[in-house]
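A.B. asks: With chain W held as given, fit chain L onto it using these hints.
Chains W and L, in that order, are what the protein sequence lines are.
Under this note's numbering, the letters of the first sequence match residues 2 to 462, in that order.
Under this note's numbering, the letters of the second sequence match residues 8 to 90, in that order.
Among the clues, some could well be false.
Stated by the list, open to error - Calculated cross-link-like contacts (lysine-lysine; reagent style DSSO-like; alpha-carbon spacing at most 30 Å):
1) K59/L to K68/W
2) K422/W to K217/W
3) K59/L to K82/W
4) K422/W to K59/L
Claimed, not checked - So the derived list for chain L, only partly shown, Cβ under 10 Å to chain W, looks like this:
5) E28
6) E44
7) D46
Simulated from the structure, these hints should not be mistaken for laboratory data.
Each residue gets a CB set at the ideal place from its N, CA and C atoms; glycine is no exception.
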Amino acid sequence: MHYDVLIIGAGMSGLAAGIRLAYYGKRVRIVEKHYRVGGLNSFYSLGGYKLDVGLHAMTNYVPKGVKLSPLPKLLRQLKLKAEDFGLCPQRMSVIKFPDTSLRFNNDFDFFVQEVVDNFPRQADNFQKLLKTIFEYDELNLHAKPISAREVVSSIISDPLLSNMIFCPLMFYGNAQENDMEFGQFVIMFKSIFCEGFARPQAGVRQILDVLVKKYKACGGELKMRCAVTSLKCANSRVESILLENGEVLTADRILSSAGYVETMKLLTDYDSSKFNSHAGQLSFVEFILVLNKEPAEMGYETTIVFYNNSDIFDYRRPDGLVDVSSGVICCPNNFQFEGPLPEGMIRITNLANFDLWNRLGEEEYKAQKAAWLETTLKKVVKFIPDFRDSIVFTDIFTPKTIHKFTGRINGAVYGTPNKIKTGRTHLDNLFICGTDQGFLGIVGAILSGISMANLHVLQKG
Amino acid sequence: MTKEQIKDTILEIIAQIIPDEDLSNLKGDIPIREQVELDSMDFLDIIMELRKRYGIEVPEDDYIQLATLDSSVAYLEPRMREL
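The shape of chain W in the complex, shown without the other chains:
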């Protein structure tokens, strides 16, 4: 079977690329090895509850009518309406360090005022930082990478403020330990602070349903449980694609959202020494707690807490299984929904070490999950009302779980620290989209799929 384009992976970027290509008449097939779409932003059901992976909140929320920001851009590109995603804005989020808190909502001026109130001596410097951010062209695919830590510390002279700004930006989309590429910093800063958080009432399912329906309506083919075994190369091209079910396909071009190293590993002439250093190291453990009441009934109205137990924010792969000294506490109920969600829920995310989790035997793995749940709960009830008596169901996923369902090396949810911004590989017809191309988060992943489909397929005729 021959296709104009074969897309590997039915996550946000693969589906978005698929919609663009199918809409403009390309013969497209998406192959997905899991039985479910979504990739790093997927969902599952357990214990009668509908649970999300990945999505705490969608970033880049802007009210209807704003035209030139990423969210409306992607809606236009996918021929979707703002209502299709059913996004409901957050209530209030907060960055909590030992003696200082910075609140933010979807009104950027509110955040600026919080910074000024808490760091009056940095008020001018913060304005300078904003000027630097707004003048930077973060979408230039050929920009030289520069260190965000260096840029920010050269402007903001109080390291506490600098660390507090970095905390949510790193947790929500940074593949690099302790530093961030400045372009990535600008993207994340705008998407979280200038724009903001929102969530569809039905969670990530709603986004994925809309994308799958649109893709199929445009005539795209989607094959589930259909893993790629290998990509056969010759003459600087991928000549054919062998699937796990034995089928052999050919395609003019291949867009892979499987990850850069993960994709290189599929090549028949794969040379591991060339690519292994690209593998990402950062992964997370997530504790999902279902409650017998809405958190608001306990007086808890905050949407997301980014906490850190010291003035220095240390964002790196922990030496132990989990690092509870910093984390993210998300309450999916605390968005401005039309009606209440079916149950109360709290999700806690902490940095975790893939190798250590992966090494555990089955019994020990279970025991460690239970033990770390207790540890993290003890920690987080310092930041939010003690909800431990209200927990009726718990599920925990680890870097090992992420690796199992997404195929990501090290369960690295933000992929490689060395982004392939142009999407190009050493093969003429193989391109990378999604997390490893460089745009992160759900909106970023969708934009990545769109821009790679535009750049490498549609513009080429």
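C.D. replies: This is chain L only, laid out in the frame that chain W set:
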């Protein structure tokens, strides 16, 4: 298609891509992107729509020819005359 019909077609395509913009005062000799909020991704969709609807191929190097409404009509006229 006549020149007038080609112009209307382009305007109709732009209206479909950015439905909230007022196109009634669009000047023919000034770049379209200076007059309405149309980014490079939207601009690509004008070219994609021309291909989808009429099978017209505009090579990447010729995108510049579609900068203004007048230059678009001039560029497309030989390609759309027979439609």
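A.B. asks: Give me the numbers of the hints this structure contradicts, sorted from smallest to largest.
C.D. replies: Going through the list in order, the structure violates no hint and respects every one.
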